[in-house]
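S.K.: Hints in hand, dock the two standalone chains.
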Amino acid sequence: MSIKDIFATMEYGPAPEDPRPALDWLERRGRRFGHFVGGDFVPPAEGGFFRTINPATGEELAEIARGSAADVDAAVAAARAAQPAWEALSGFERARHLYALARHLQKHSRLFALLETLDNGKPIRESRDIDIPLAIRHFYHHAGSARLLESLVPGGVPWGVAGQIIPWNFPLLMLAWKVAPALAAGNTVVLKPAEQTPLSALRFAEACREVGLPEGVVNIVTGDGETGALIVAHDGVDKIAFTGSTDVGRRIREVTAGTGKGLTLELGGKSPFLVFDDADLDSAVEGVVDAIWFNQGEVCCAGSRLLLHEPVAEDFLRRLEARMETLRVGDPLDKAIDIGAIVSAEQKARIEAFIREGEAEGGEIRQPDIALPNAGFFCRPTLVTGLDTASRLMQEEIFGPVLVCTTFRTPDEAVMLANNTRYGLAAAVWSENINTALDIAARLEAGVVWINGTNMFDAAAPFGGRRESGFGREGGVEGIREWLRPAVEAEAGEAAPPAPFRGREPAVPAVPGMIDKTVKHYVGGRQVRPDSGQSLPVFDKDGGLAGHVGRGNRKDMRNAVEAARKAQPGWAAAPGHLRAQILYYLAENLDALGTDIAARLAAHTGRSALSAEEEVAVAIERLFGWAARADHHDGAVRDVPLRGVALAMRIPQGVIGALAPAEAPLLGAISLIGPALATGNALVLVPSEAFPLVIRDLTILAESSDIPPGVLNMVTGRHEELAPVLADHHDVHALWHFGDPALDAEIERRAAASLKRTWVSCGKARDWFGPAGEDAAFLHHASDTKTVWIPWGA
Amino acid sequence: MVRPASPTVNPPAPLARNEGMDLDAALIRHARVNRSAVERRTATLGGRRTVKKAWQAAWLLKAVTLIDLTTLAGDDTPDRVRRLCAKAGRPVRPDILAALGADDLGITTAAVCVYHEMVPAAVAALEGTDIPVAAVSTGFPAGLSPFRLRVEEIRESVAAGAREIDIVISRRHVLTGDWQALHDELCTFREACGPAHMKAILATGELGTLTNVRRASLVAMMAGADFIKTSTGKERVNATLPVSLVMMRAIRDYAALTGFKVGFKPAGGISTAKDALAWLILLREELGRRWMEPDLFRFGASSLLADIERQLEHAATGRYSAFWRHPAA
Chain L
1 MSIKDIFATM EYGPAPEDPR PALDWLERRG RRFGHFVGGD FVPPAEGGFF
51 RTINPATGEE LAEIARGSAA DVDAAVAAAR AAQPAWEALS GFERARHLYA
101 LARHLQKHSR LFALLETLDN GKPIRESRDI DIPLAIRHFY HHAGSARLLE
151 SLVPGGVPWG VAGQIIPWNF PLLMLAWKVA PALAAGNTVV LKPAEQTPLS
201 ALRFAEACRE VGLPEGVVNI VTGDGETGAL IVAHDGVDKI AFTGSTDVGR
251 RIREVTAGTG KGLTLELGGK SPFLVFDDAD LDSAVEGVVD AIWFNQGEVC
301 CAGSRLLLHE PVAEDFLRRL EARMETLRVG DPLDKAIDIG AIVSAEQKAR
351 IEAFIREGEA EGGEIRQPDI ALPNAGFFCR PTLVTGLDTA SRLMQEEIFG
401 PVLVCTTFRT PDEAVMLANN TRYGLAAAVW SENINTALDI AARLEAGVVW
451 INGTNMFDAA APFGGRRESG FGREGGVEGI REWLRPAVEA EAGEAAPPAP
501 FRGREPAVPA VPGMIDKTVK HYVGGRQVRP DSGQSLPVFD KDGGLAGHVG
551 RGNRKDMRNA VEAARKAQPG WAAAPGHLRA QILYYLAENL DALGTDIAAR
601 LAAHTGRSAL SAEEEVAVAI ERLFGWAARA DHHDGAVRDV PLRGVALAMR
651 IPQGVIGALA PAEAPLLGAI SLIGPALATG NALVLVPSEA FPLVIRDLTI
701 LAESSDIPPG VLNMVTGRHE ELAPVLADHH DVHALWHFGD PALDAEIERR
751 AAASLKRTWV SCGKARDWFG PAGEDAAFLH HASDTKTVWI PWGA
Chain X
1001 MVRPASPTVN PPAPLARNEG MDLDAALIRH ARVNRSAVER RTATLGGRRT
1051 VKKAWQAAWL LKAVTLIDLT TLAGDDTPDR VRRLCAKAGR PVRPDILAAL
1101 GADDLGITTA AVCVYHEMVP AAVAALEGTD IPVAAVSTGF PAGLSPFRLR
1151 VEEIRESVAA GAREIDIVIS RRHVLTGDWQ ALHDELCTFR EACGPAHMKA
1201 ILATGELGTL TNVRRASLVA MMAGADFIKT STGKERVNAT LPVSLVMMRA
1251 IRDYAALTGF KVGFKPAGGI STAKDALAWL ILLREELGRR WMEPDLFRFG
1301 ASSLLADIER QLEHAATGRY SAFWRHPAA
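Protein sequence lines, in the order shown, are assigned to chains L and X.
Oh and the first sequence: position 250 is 250 in the working numbering, straight run, nothing missing.
Position in the second sequence counted from 1, then plus 1000, gives you the working numbering.
Chain X extracted, bound-state conformation (with noise of 0.2 Å):
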């Protein structure tokens, strides 16, 4: 395949990397979030800040360039998945990143992320990029499977060349109260990661409230998670900005604590260049600049990239554009 461009642009100094700490269960229990507050900010948030012609075509290349490329469905096949990774490497038509002046960015999407059966058609597509395969991992999507099948399953991904494992917590640790057992759960999943890195999927969808949402947010940065993220894609309920306001403060409290900067990914209905926005934007405002590059931020998505590269023609061009104009991933 093509090898995209190196970027000109210099990436931010490498982080450390999550360390994790002992379960601090006070930190834990005190967890307090007010839901009605944090539906207020992350409703009215989107009239307070917007970003406009060429400031918004900017924020939506750095939202491509955000994307784990995401396919997880029973009928993947290897051809399907090199096609994504072929997306993934070139995601914008090159006529519309040169007239947007930004064809020597290297503009890719941060990851292409599929099931352990599909890493291998992955990394081999991927070969000769700097584009990480992530690997859905430990019984994704339930958790449900035996636990050392699920440890088991994480080594096997890293093994065949996954360098981001995204394993599902056991939602019942988190409903029943029992964080001592999800530390650990986590603490085991992290150290069968190795070198690769853990994206710790809640699935707040099932975690009933935001409390919950933050106290699984902190045990799992806790137990070494590099990226905490909200959804499989198969909970009722996905990615939402208030799950996101909670995580990412839950965030920033541990950076306070302990230095670590922790990753955050919101997966699960992401579909429009709007929404990627309007994330953008609650990250850039709880979070911060340095948070939204691909070392500390990702869209779970699948089809996030075709909008964004309709809004991108429309900023190269003026004219709104359709599906069909570009690429299928």
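This is chain L alone, in the form it adopts within the complex (with noise of 0.2 Å):
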């Protein structure tokens, strides 16, 4: 085209970034890649290779290895052997590693751009401005997190071996996600990049090479979902953290339920983008750009849900439609292009079904009339409106550049359109109130809102879900302290629980002529009688009767998880404070009823009058622990590069499920009820199955100390029988189970469903005495973190 062309249409033209440098490595390799094991590359032992495309054009980039379970094997055994090594290096010889693979991905930036363009399809502005700066990012961010860690997180020790399996949208980024922090912590790594995208994890293996990273302390694995599954299934693995659907999240859950392996999961999502009346809508009009069409929209907290307040519903989507006509779609390799290719022609094929589907359900399809190129994989930006809230397109993640719409009158309304999703990874609030942003941010379910903002992502900032978009976080101290485990709980050994006592027959009471009293369950601050009208006998050492508990079944969980789902926002609301007040208040009527509670506890349990009195004692001591923590364990700010702050703000996980431990019947239901309460969550409360009486004296504390109906409610009866429906109920957040461990793996099962946190003992002892029996896991498991975005500008 000549220049008086250009001058008269002035069109852009094409900007190509020249691929040679990523080609030429492709040759010197040979096209043709090895697993990376034990510090070198190494052959698949069988299974051969698979062909990595370039999605922009469909052309074979190369040949990648297919990880079989002698190579998987081979991989953990490499990393066994280097992890004892790595973890005793000091913090700084650990940084100083990190440091160095920060500053080779810094050196060959251009390359690992390329690669992660060719091999994925995202335009090169993104993979060079953002996905390789934000990877570095996090080499440098973890180096220091390796030189602090004592500091950072006192007391933890490295799970061992990792097994990380990350997804093709951000293949680097998520391998650094992955990476840094885990290795910063003293752990060993089993990296399976994506099948679609191994490329720039492979030139990654070359770089722990070169910056003499000690052998074994990273591997890499290829492979598809079959590779990734013998990563999760391996004995030798502590550890598993997965980025990629919810559907294979579940699975994961599923296969590591009852083993004891650590487990983060970062999922999909659905995630909304709120524009209210008075937002600068042009600017959230870009927001939106950044939200949906960043990367394809492949993006796992892609703001796909846009909510519009109605005053101002049309003239937004006019602006958003008239900002769609200028997008371009095209060479990935083009500096200008908004838009590449999709990553696969599956991809594609699964985006144009959804489109068509929302076109079917009668939803008006809006795309922007421009070309696309002929070869490759690509889609044009789409916006459906017109949808309901049924819909699946409103509901499922399409993982592509297509948005659903819809709109809301207040904002009451906006939070529960937002909150109306099975997932809770991020969300967006436009509005230049600061009344209006916050108080939403606040109610939103994600773990990740941004005001006036999106995808704004730090090394320092957690990220990561809530709901089924999965647990843990990534970034941040948070993120460190996935990587690493309380020592007390990594050294512990085996539970041997006391088991209840067996009853003479016929059972008559231990003191005859004694007046009756029935324990009932304690359901929304009120005594109740079990629903099934059943009773369990229990005895005392000597085989006497010593009561009759309920016998809980379904319906009296029901009620309990109603009460406590009811309960949970105004605790959740009230400040640390009150919720101090009342668990001192606990205390205080447990200190004047230690010496009868410790009396019966004795009787109940069959031990000394002092070991009783001790657990009393030491029971107050906890709640005063926890009562403290209620106004002390508060959030973070995050330096972030960002004119403002990022908020780690501590939240509950809601409603907590807890079936408490047998070895210390009162101070163990209160080492539970401690830290739920304390950090705003309402609490289900299955006591010690051998030693249930102990639920009238914790009835009568709580009825006593001001603890708010249904924040905490208590239900006796057969733990395998509570547990599958606690585990099962999608109104419980978390789990928590210390007992038989034949239960957990059925609690870890089930509570795939819902993707629940769980917390089971897995067979492992704890000094509910001690120190362990108030550690940083409680806290741990008890709250998550919400990153609050917010940037500020007058």
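No lab work stands behind these hints: they were computed from the structure.
Where hints are given, some of them may not hold.
[Unchecked claim] The calculated BS3-like cross-link candidates involving lysine-lysine, where the alpha carbons are at most 27 Å apart (straight line), are:
1) L:107 / L:335
2) X:1274 / L:4
3) L:4 / X:1234
4) L:541 / L:520
5) X:1053 / L:4
6) X:1052 / L:335
7) L:335 / X:1053
8) X:1052 / L:107
9) X:1052 / L:4
10) X:1274 / L:335
[Unchecked claim] Covered, in the sense of this in silico footprint (three residues per stretch, anywhere, with C-beta under 8 Å from a C-beta of chain L), are these stretches of chain X:
11) 1045-1054
12) 1058-1071
13) 1090-1103
14) 1296-1303
[As the list claims (entries may be wrong)] Derived CB-CB ranges, DEER-like:
15) X:1285 / L:373: 14 to 24 Å
16) X:1285 / L:375: 19 to 29 Å
17) X:1022 / L:315: 51 to 61 Å
18) X:1156 / L:410: 53 to 63 Å
19) X:1176 / L:410: 34 to 44 Å
20) X:1259 / L:370: 20 to 30 Å
21) L:375 / X:1021: 13 to 23 Å
22) L:434 / X:1027: 16 to 26 Å
Every value quoted in this text rests on a predicted model; they were computed, and no experiment measured them.
The beta carbon of each residue, even a glycine, is placed where N, CA and C say it ideally should be.
M.R.: Structure, rendered in structure tokens:
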């Protein structure tokens, strides 16, 4: 085209980035890659190779080894062999390695950016300006984490060997999110990149070698989902971290159920993007562009549900449609392209099927009139209006450049619609009113909320989901914590919980003629009889009948969870000071009634009076500890590159179910009530199965201590009958179990359905009388982190 | 002087002149601008759009045609202004234009911009060309001389042959929120301009917030401004991309509201070819192709042209150029 012609049209013209450095590298490597195990590239033991292609052209880029069981075994063995020495290095020494990796990525940033774009199809602009700089930032930040590890997470020890499975949408960035914190904490790694996008990980393997990372600290096994499954199921892997689809995450939860493996899941989303009538509409339109047309919409936290305040809905859509016309779709190597290629033909077909379905449901499909390249897998940016909440497009993650839209009338309705989803990853709130923006941010069920912005990330800011978007956090000290566990937990021996006493036949009261004391459930602030009309006998150590407790059933659990669900928001909204006051009051009353309670405890458990008194005394101290944390366990402001703040807010899990241990019937229950209530959760507690009569004293304490109705609920019964109900219940957000390890696998398998957070003892002992009874794990499991990004600028 | 060859590219259809409207106070009050988001947009745009090779050369030639070649110094003399006018008529060396295949595009700058006292010299020097003379006016740059004299200054510059008048607004009306006073003042100026086009300089560096920039932009357009312009070049902060984005969006909204297309002129501190491309990219993205013509966009600049000339010589020859190789303005 002549300059004169261009002068008339003022078109942009091509601005190609030269891919040669990446193609040359592929050539030098013979366009064929083995696994990276023990510091060397090794050919696959069996299973051969598969192809990775450039989705923008369909051309093959290289052949990649398909990981078999033997390959995974070798990688895990290499990681295991390397782990003790890696953990034994000082924080400074590990920091030097991570720093060297950061420097290496920086020095070769162009090559990494090219590989990412060739393999994934994302615009070179995004690889160059977002993916690679953020990956580098993660290695720098976590070099710092390694150096400061002991002060950041006191008493933490690494899990050991980490199995890490990452997706294709941000290949190197997800690698960095996984590898950097795991290494900083002293773990060694077996990583599997996605089969669609293995190249940057393989180039990273070279980096590990070139910076002199000890052999076996990072191992990379390539392959598809089957290889991933081998890593997940491998006995030699101590902790799994997975980023990918909710369906696969669920399967991983099921497979690892009851194994005691650590698990972090970063899964799908259907994140809301809320625009209020007092927003800067043009800026919000740009926000939408960055929310759903960033990375072709192949982003777990993509703002894919646009919620518009009715007064501005029409105006906003007019602006948005005009903006869509200026989006440029095409060759991802072109520096002025907004939307590149979809990663694969399958993904493109899936996206298009969704669009057709939306159309069939009566949705109005709006796409700009722009040309697409002939080869490769490209999709037009798409806006779908006119759908109702029941539409699959409004509910399911599409993972493509498709935005759905609906309207709201009031802030309450905005929150209701935003939270009307199984997911809870991210959200964006656009309003120039600080009251509106922060109030909505606080009420959104999401791990990350961006105010007047979207898709902002940083290594210092925790990222991760709620609900079926997974659990665990990446980034910040929260992210580091996922790669450590309390030393007491790692070193704990096998548990030997006491069994309930058996009774003589016939069961007669231990003290003939005593007044019967009926022990009921405690639900919604009231003592209620068991729905079943059935009671379970409880015996003392001599086989005499000590009393009866209700035999809780499904309905009792349902009612208890219902009461908890209703009470929880108010409890969470109460100031920490109030929660502290109530826990102190509980301690006060326990102290006042302590002598009698200790006597009953001794009689009930057959332990010495001294031991029972000690249990009461420690329980009082423990309550003081949790009362104190109620207004000390606050959030943090994170140093992110932003004029403004990123708040790492502590939020409760919601409704927690807990099955209390038998070793210390009172102290065990108090040790669970304390953290759950202190951090704003409502609790459904199933007291110790062996010594359930403690519910009577706990009920009296609860009733006399101003605990709001529903915040603490207690149901006695057989744990094997009640645990599955709690594990299945979609309105229970976390489930704790300290007891029979045979139940753990079932709990975690069932919990997979709602991806609720589980904490099970896996047969490990816990010293409830010592520091292990209130260590960092309790806070970790009772609370979650919500990161709120708040830019400002007058 | 040599008359430039008549252009072979058809100029766009002439626009209806902005008639203005009554002050819509509610619209002004409800202005919302999120500074962080605006800055994010302008900071990332440079990475999202670029023009290379022939496209870059064409865009730079276009930039030349959008320049209000300006001298606003206390030591301006008629000869100095004549030299500037000559440069306006032949802004790029003919051999460079020929090498680029652009010698028949009729490349001139959009206008020459001077103080009132220099208007006669400029008009005389530009006689026989289509290049208009623009005069800064109304007590430029502070706009604090008696109102009557400011209005009279416009009339005298128009009488002297200025076809464009760059007026300055009273910043105090913005800072005190007296939108009616601002509207009244600008309506009076516009009336005084008569057939001459009015460019309203908002002096955005003195308005305090981007929200005020948006409000002042809307009031100026409601008062009938043909162009809104960022700065006098004399403020501490002059044209910036965030301010420009806010003004462009205001122009877009005003066009949607009234149907009138109003022009935009960033001025002050735009001195490199790279800057010029950044502004043109922002313009194309936010307002579209139609605005990339002299009737809707101007660069207020004195040293920008020299840098563009160097880049054009590089485009023509592949060699990096030097300032002294191009005739001085």
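S.K.: Give a verdict on every hint.
M.R.: Do the hints match the structure? See the list:
1. L:107 / L:335: Judged against 27 Å, a Cα distance of about 20 Å means the pair holds.
2. X:1274 / L:4: Holds. Residue 1274 of chain X to residue 4 of chain L sits at ~21 Å (cutoff 27 Å).
3. L:4 / X:1234: violated, 36 Å
4. L:541 / L:520: holds, 22 Å
5. X:1053 / L:4: holds, 13 Å
6. X:1052 / L:335: holds, 10 Å
7. L:335 / X:1053: OK: residue 335 of chain L and residue 1053 of chain X at ~13 Å, within 27 Å.
8. X:1052 / L:107: Between residue 1052 of chain X and residue 107 of chain L the Cα gap is close to 25 Å, so the pair holds against 27 Å.
9. X:1052 / L:4: holds, 15 Å
10. X:1274 / L:335: holds, 16 Å
11. 1045-1054: Since 8 is at least three, the answer is holds.
12. 1058-1071: Per the Cβ count (4), the hint holds.
13. 1090-1103: holds (count 3)
14. 1296-1303: Three-residue rule not met by the region 1296-1303 of chain X, so violated; n is 0.
15. X:1285 / L:373: 14 to 24 Å: Holds: the Cβ-Cβ distance is about 22 Å, inside 14 to 24 Å.
16. X:1285 / L:375: 19 to 29 Å: Given about 27 Å between the Cβ atoms, the range holds.
17. X:1022 / L:315: 51 to 61 Å: violated, 21 Å
18. X:1156 / L:410: 53 to 63 Å: Distance hint for residue 1156 of chain X, residue 410 of chain L holds at roughly 58 Å.
19. X:1176 / L:410: 34 to 44 Å: holds, 35 Å
20. X:1259 / L:370: 20 to 30 Å: holds, 26 Å
21. L:375 / X:1021: 13 to 23 Å: violated, 51 Å
22. L:434 / X:1027: 16 to 26 Å: holds, 23 Å
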